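Enquirer: Here's the letter readout for the chains.
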Amino acid sequence: MSGSFRKHDQASKLRAACAWIVGGIYFAPVFWIILTAFKTRADALAIPPKLFFSPTLDNFHAVFFNVSSTGDVTGTGVWLYFANSAFIAITSVLLALVIGTLAAYAFSRYPLKGNDTYLFVILTTRMLPPIVVIIPIFLMFRVTGLSGSYLGIILLYTGFNLPFSIWMMKSFFDDLNPEVEDSARMDGSGDWTVLGRIALPQVLAGLAATAVFALILTWNEFIFALLLTGTETRTVPVAIASTIGGEIGVHWGKLSAMVSLFLIPVFIVTFALQNQLLRGVTFGTVRK
Amino acid sequence: MVMQTSVLPPAFTEKADARGLLQWINAPERRGPLLVAPALATLFLINILPLLWSFGLSFFNYRANRQALPRFKGLENYADLLTDDRVWERFVTTGLIVSSSVALQLMIGFGLALLFAKNFPMRRLVLMLVLTPMMLSFVSVAIFFKLFYDPTLGILSWFVSLFTGESFALLSTPQGAILGIVVADAWMWSPFVMLLVLAGLVSVPGYLYEAAEIDRASAWTRFRTITFPYVKSLLLLALLFRTIETFKTFDLVFLITEGGPGSSTETIAIYAYRLGFQFFRTSEASALAYMILFVVIVLTSIYLYVVKRRNAAEEV
Amino acid sequence: MSILTLEGLSKNFGSFAAVKDVSMAVQPDEVLCLLGPSGCGKTTTLRMIAGLESATRGSVAFGDQEVTGLPARQRDVAMAFQFYALYPDLTVAENLVYPLKAEKATADECAQRLNRISDILQLGTILHRHPHQLSEGEKQRVAVGRCVIRAPNAFLFDEPLSRLDAKLRDEMRGSIRKILATLDKPTVIVTHDQLEAMTMGDRIAVMREGKVEQIGRPQDVFDRPCNTFVAGFIGTPQMNLLEGQCKAVSETEVILELGGEALVLPGNRFAELTENGEKITLAFRPRAVSPGHAADVIFENAKVVLTENMGAETLVHAEWNDLPIRMLAQGNCRDVGTCLDLGVSVDALTLFNRVGLRLALKSDGGRH
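Residue numbers (our numbering), protein chains in the order written: chain A, 1 to 288; chain B, 1001 to 1316; chain C, 2001 to 2368.
Do not rely on the hints blindly, as some may be mistaken.
What the hints assert, rightly or not - Here chain A is said to cover these stretches of chain B; the calculated rule only asks that three of the stretch's residues, wherever they fall, bring their Cβ under 8 Å from a Cβ of chain A:
1. 1204-1212
2. 1282-1291
As the list claims (entries may be wrong) - SDA-like mimics (lysine to any residue), calculated; alpha carbons at most 20 Å apart, straight line:
3. LYS113/A with PRO1028/B
4. LYS1308/B with LEU112/A
5. LYS1232/B with LEU2090/C
6. LYS1146/B with ILE47/A
7. LYS113/A with ASN1026/B
8. LYS1146/B with TRP32/A
9. LYS50/A with SER1167/B
10. LYS2101/C with GLU1213/B
11. LYS1146/B with ALA28/A
12. LYS1118/B with SER12/A
13. LYS1146/B with LEU35/A
14. LYS113/A with PRO1033/B
15. LYS1118/B with GLU2053/C
16. LYS1118/B with TRP32/A
Note that these hints are calculated values from the structure, not bench results.
Keep in mind that this is a model prediction, so the values were computed, not measured.
Even glycine gets a Cβ: it sits at the ideal position worked out from N, Cα and C.
Looking at chain A on its own, in the form it has when it is part of the complex (with noise of 0.2 Å):
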């Protein structure tokens, strides 16, 4: 048996190689990105692309702040669309958070008659074309004068996370074990009670999962933000994209810097969830 295991052995150790040179493929355009993010200009266009060179943290005090010639320094505004992007992403994801999380408990417990229909339309309209949307969604903004505000692109994002916290927030719930509930209701508890005391205590993680996703899925939101949004509320991606959008000469260094400050947070969200991921990416439609 011995001869076997050595053999398996080695299979694992090919294995092993194979997946670290796959992953090494599919992480290096983020690593060169933020490789970039630490070169000077002329370090950033040389030809052969530079693998060595001697880092700068220079590119990422130019994504916040202008050094005019005669050395004054003023802020570029780019914190202001950092900040904008958290702001409205963490208050979008709450509200839909809080409604969906109930909208999903009553579709899991209390099945209205044709539940299945309302969760699909529910679930197209998150499938749907953002394109289909926007336009009566930017003529009635238009007309509201919501355009271009907070309130506007906040409410739009609720909206465009609700469907995905209910589907997720009802995939949490079907896996529980509804005797539990049944048993608090045995026990002289009312719906209310059992809702807060017993069944969202036994989903808190799938809460946090499901809040964290919905917060990457809004940061990185692109057209509705392009469209939606105003100077004052720009949000990182519009931002971003808006630097590359012309013809001359993209400053990459820190386009670069930008770019890598905007990924932490999805690297660090990337890596909590990873046994949330496929339910996650799949709106909660497949959880094994």
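Could you slot chains B and C onto chain A? The hints should help.
Expert: Frame of chain A; chains B and C shown alone:
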């Protein structure tokens, strides 16, 4: 009478009216609707109402940049779009990008899943590296690939120049631009397919492989009779999900090529965007959006049908 | 005809010894049942025979061919799995002939063997179905069929009936017994159910904590359990095991102290005995206990603490000097709280010494 009291709120004539209404709302038989109501109201306001609005618009000749009163055109917009060669061209472009990208994602994703199906040291960490792309923003991915494909400082151009001595602009030719987009999309989303297939692979009970070992089945037979059956429904889900998502792709293409060169990478979603926001042919854009919506609804129904069948099969 | 031989077979999982030094031989026409509580190492032993688990020490051989180092596919053994392990995408018929591919059987032969097996197991009507369309009992029959359709070196069954309900289990026990009788290869069945082991096995190997405690024909194991563990494990209701002390031993008398009272047994019954003052366990089956004074050993004034009506019989739990005694009584149950005298014939008594080993009887005839 009994029916009435349970369906209608009591009349507001007595002192305890407010509390009566609260009790009526809080009645156990109304628990489901009560909990769902805020969500449905929000969705109606932010998703359904706009959809109805744009559905209405699609029958007029409304232009968002004009004050003129719109004129009812009936199905003319739809008829015009369906007979417009440019629209069909965009559909073909979209179809080409969707089919090649999804096919590539499925193949690579399946291979990745097989690679990561068995344990090895630091598997979780390496898996993280592979899973990162799909969590990224389209904007970041577009930046990566714009830099990668850049004719003057991109690595691709530098690499090609080692052989040809000239810089290389992948995105300058129609075929190259499509290829560039397909590669970026496949890079971003093949981990998604991997994640689903991996779920199928780990759900195969180990004793089935042991039984096959006892029954002396060949590696291919083992794959065909054990592995594939457990993976196929998830593979189908991945196919549908990715088709829906790629079909409506806007961000990635818009940011990498802006639909160019010419209109060679202009997908149907980008075309609808241009109609609506650059040419201000709002009604036509709405009609086109509805055609996209139709395709997405069909695909979503199939997707949910497969999800349901899979869940039912799992419970047996 | 090849004998299955295990020699000093052991398995360690890390520092945990799951199987310790198991040796046995199974004849070609014999069915051996590995019986024991869960976690006793019986399944691990079976998997080492199959080649699904490597042996830490010891060997497995079919006839004179040692297979210890070979993987499962090279051992040519057939096995029915506890969870059936039916291939989900194949029909019942395809599942059944699946292992014949490796035997390079011709299509004719496959069809012939398929017919034979489906007749015996009554699978004719479900041959075209898929596993998910089968009932639990049907799945079990298919799993057994896929095992016995082969002509391997040995047949292995892992808890073949554990997932069936009681009625189905009774039916299947009979039909499996019939099939086993037609097999002419060593057969090993793992079970935790003593009734299954008693009825299906030609011999039983009782295992505990990785070791084989006793191996023998079912009746022998039942009649002469080699230690207190086997005595307590085999037989329902459980054998009475009363711990006491040996007070005096002579040719004619053995005096025990049980629960503070002296109990006199005829000494000429025992071939070996322990020394004075040593701990000793007196054992007898509940069925051997009867109420009244017409017996060799009397437990006077035992108090009934619980009765379990089992239909034709009643299991009476009594307490005598704080020692529990179970009696299987015919007919009516006794009222809880009443006192009665319990008698046991001396022929039904067995003694175990201070480490729990059985003391030989003269009637054993040197077989022990």
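Enquirer: Would the hint linking LYS2101/C and GLU1213/B be met if the CA-CA limit is 20 Å?
Expert: Status holds; Cα separation ~13 Å.
Enquirer: Are LYS1146/B and TRP32/A close enough, with their CA atoms no more than 20 Å apart?
Expert: Roughly 12 Å between the alpha carbons, so the hint for LYS1146/B and TRP32/A holds.
Enquirer: Hey, LYS1118/B versus TRP32/A, does the alpha-carbon distance stay inside 20 Å?
Expert: violated, 29 Å
Enquirer: For LYS113/A and ASN1026/B, compute the direct alpha-carbon distance and say whether it is at most 20 Å.
Expert: holds, 19 Å
Enquirer: Tell me if the straight-line CA distance from LYS1146/B to ILE47/A falls inside 20 Å.
Expert: holds, 16 Å
Enquirer: With a cut-off of 20 Å on the C-alpha distance, tell me whether LYS1118/B and GLU2053/C pass.
Expert: holds, 18 Å
Enquirer: LYS50/A and SER1167/B: Cα distance at most 20 Å?
Expert: holds, 17 Å
Enquirer: Would the pair LYS113/A and PRO1033/B pass a check requiring their Cα atoms to be no farther apart than 20 Å?
Expert: holds, 10 Å
Enquirer: Okay, the stretch 1282-1291 of chain B and chain A, do three or more residues pass the C-beta test at under 8 Å?
Expert: Answer holds; 5 residues pass the 8 Å Cβ test.
Enquirer: Please check whether the stretch 1204-1212 of chain B has three or more residues whose CB lies within less than 8 Å of a CB on chain A.
Expert: violated (count 0)
Enquirer: CA of LYS1146/B to CA of ALA28/A, is that 20 Å or under?
Expert: Since the Cα atoms of LYS1146/B and ALA28/A sit roughly 14 Å apart, the hinted pair holds (cutoff 20 Å).
Enquirer: Regarding the pair LYS113/A and PRO1028/B, is the alpha-carbon distance no greater than 20 Å?
Expert: holds, 15 Å
Checked against the numbered hints given earlier, this structure breaks hints 1 and 16; the rest are met.
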